[in-house]
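Q: Take a look at the letters that make up each chain.
Number of protein chains: 2
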Amino acid sequence: MSDKHIVSGFDRDLASIEASVAQLGSMARDALHDAVQACILRDTQIAARVQAGDKALDQLETQTRMATIKLLALRAPSAVDLRFVLAVLEICAHLERCGDYAKNIAKRSLALGPHGQLIGTDRALLRMSDAVTQMLADALAAFLDRDTDKARAVIEADLDTDQRYNSLFRGLLTYMMEDPRNITAGMHLHFVAKNLERIGDRATGIAEQVVYHVTGEIPDQERPREDPYTSPDGRMNGQN
Amino acid sequence: MSDKHIVSGFDRDLASIEASVAQLGSMARDALHDAVQACILRDTQIAARVQAGDKALDQLETQTRMATIKLLALRAPSAVDLRFVLAVLEICAHLERCGDYAKNIAKRSLALGPHGQLIGTDRALLRMSDAVTQMLADALAAFLDRDTDKARAVIEADLDTDQRYNSLFRGLLTYMMEDPRNITAGMHLHFVAKNLERIGDRATGIAEQVVYHVTGEIPDQERPREDPYTSPDGRMNGQN
Numbered sequence: 001m002s003d004k005h006i007v008s009g010f011d012r013d014l015a016s017i018e019a020s021v022a023q024l025g026s027m028a029r030d031a032l033h034d035a036v037q038a039c040i041l042r043d044t045q046i047a048a049r050v051q052a053g054d055k056a057l058d059q060l061e062t063q064t065r066m067a068t069i070k071l072l073a074l075r076a077p078s079a080v081d082l083r084f085v086l087a088v089l090e091i092c093a094h095l096e097r098c099g100d101y102a103k104n105i106a107k108r109s110l111a112l113g114p115h116g117q118l119i120g121t122d123r124a125l126l127r128m129s130d131a132v133t134q135m136l137a138d139a140l141a142a143f144l145d146r147d148t149d150k151a152r153a154v155i156e157a158d159l160d161t162d163q164r165y166n167s168l169f170r171g172l173l174t175y176m177m178e179d180p181r182n183i184t185a186g187m188h189l190h191f192v193a194k195n196l197e198r199i200g201d202r203a204t205g206i207a208e209q210v211v212y213h214v215t216g217e218i219p220d221q222e223r224p225r226e227d228p229y230t231s232p233d234g235r236m237n238g239q240n
Numbered sequence: 001m002s003d004k005h006i007v008s009g010f011d012r013d014l015a016s017i018e019a020s021v022a023q024l025g026s027m028a029r030d031a032l033h034d035a036v037q038a039c040i041l042r043d044t045q046i047a048a049r050v051q052a053g054d055k056a057l058d059q060l061e062t063q064t065r066m067a068t069i070k071l072l073a074l075r076a077p078s079a080v081d082l083r084f085v086l087a088v089l090e091i092c093a094h095l096e097r098c099g100d101y102a103k104n105i106a107k108r109s110l111a112l113g114p115h116g117q118l119i120g121t122d123r124a125l126l127r128m129s130d131a132v133t134q135m136l137a138d139a140l141a142a143f144l145d146r147d148t149d150k151a152r153a154v155i156e157a158d159l160d161t162d163q164r165y166n167s168l169f170r171g172l173l174t175y176m177m178e179d180p181r182n183i184t185a186g187m188h189l190h191f192v193a194k195n196l197e198r199i200g201d202r203a204t205g206i207a208e209q210v211v212y213h214v215t216g217e218i219p220d221q222e223r224p225r226e227d228p229y230t231s232p233d234g235r236m237n238g239q240n
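Protein sequences appear in the order of chains A and B. Per the UniProt record's numbering, residue 1 is the first one in the first sequence, and the count goes up by one each step. Per the UniProt record's numbering, residue 1 is the first one in the second sequence, and the count goes up by one each step.
Keep in mind the hints are simulated off the structure, nothing from the lab.
Derived CB-CB ranges, DEER-like:
{"#": "1", "chain 1": "A", "residue 1": "Lys70", "chain 2": "B", "residue 2": "Arg127", "range": "42 to 50 Å"}
{"#": "2", "chain 1": "A", "residue 1": "Asp149", "chain 2": "B", "residue 2": "Ala22", "range": "33 to 41 Å"}
{"#": "3", "chain 1": "A", "residue 1": "Asp147", "chain 2": "B", "residue 2": "Leu74", "range": "28 to 36 Å"}
Since the structure is predicted, the reported quantities are computational estimates derived from the model, not experimental observations. Think of the CB as a built atom: it goes at the ideal place given N, C-alpha and C, for glycine as much as any other residue.
Chain A extracted, bound-state conformation:
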């Protein structure tokens, strides 16, 4: 067997793992989209579909992780290929957790069913969901294109998601303080918002791995963020 043969087998393995990561990313985005729809429409059928879909995502994640570890064990890759392997393991874990958050959001729609809607909250949740979906899409595109500029833009965008979350949190707090009958719905919707914010964190984590893969550097862990406890006017933020 020639060296060339070995190398091209290695390249095939890398390409196959990369395709699995792309598919995982696509599954996570679909799950997120459906979960938020289920939540806003109080649609239990969509919610059930998201919950069932998470099993498939978990399975593909396990397969991809196993294939990646096998590659690591058999090929002992070095330099950029080793960073690829390490980045893929982290990215897989992030996407698996995104699927879990989507599942949590979908389940929450079942609990929300009987509770009234809080004016304006649905629209704010949809906007936040669109923003984190875009972050996920961009982080995956950055991974596939080895595009560190795009990755850094995702890391920057997380500040915006945190602000959206804080604004939603304060809105919910106001509803709850105005009328205790809003507390239950407010707490449920707060969990939905928190899960969206955590998907934003995961997209950021993926983007950081893209920078690591391409450059060997991990971006500064102290990401730009709003002051996590009080906004400039002294009101409480939910950021955590």
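Given the coordinates of chain A, work out where chain B should sit on it, guided by the hints.
A: Positioned in the frame of chain A, the structure of chain B alone reads:
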């Protein structure tokens, strides 16, 4: 250089990484202890110490991660040594996040300052904090002793943490519904409880890596847990 020489250098590297992981675990436990004290005593000095300490934890985590990746690149370990390396990378990430959660709890104590105490909540938070501290200690001991029985006990214990969290969540909800003036303190304390619950999840993640390191199998991801949205009497849980 003889094979023996190479092997003992390798063993030294492994031992050094293991010692760093033990130290990270100890730092995370101290941070957690201090953070909960800061929160209950509303002590801003302890809170500041936790925040400063998190920088040291992050630095050691980065150093340990780098040393582990270097070992992976230079020694191309296989079988149980490869699993050790992969487990260490995951465990480091879990401990770094535990430090972040402790920092969040400490910061929350600053926001709690002016708000009244909710009867019984401090004691429940302390009990929950003791439980997750024990989980962290046991998970680290299981790692150092390669003790899968102890690791599996940690995974089981997470169910208990989830129940404590749910009980605390319902208690806070009751206070908030009784009197809207409790809402702000209730929301802050809920974040503290949520961070403790997430430290429990991280201890569980460490325990899963111990099982992986020793056996090559990842324990079933579908951990035992309470039904996440309603308890048997139909009340809402905060579990997410």
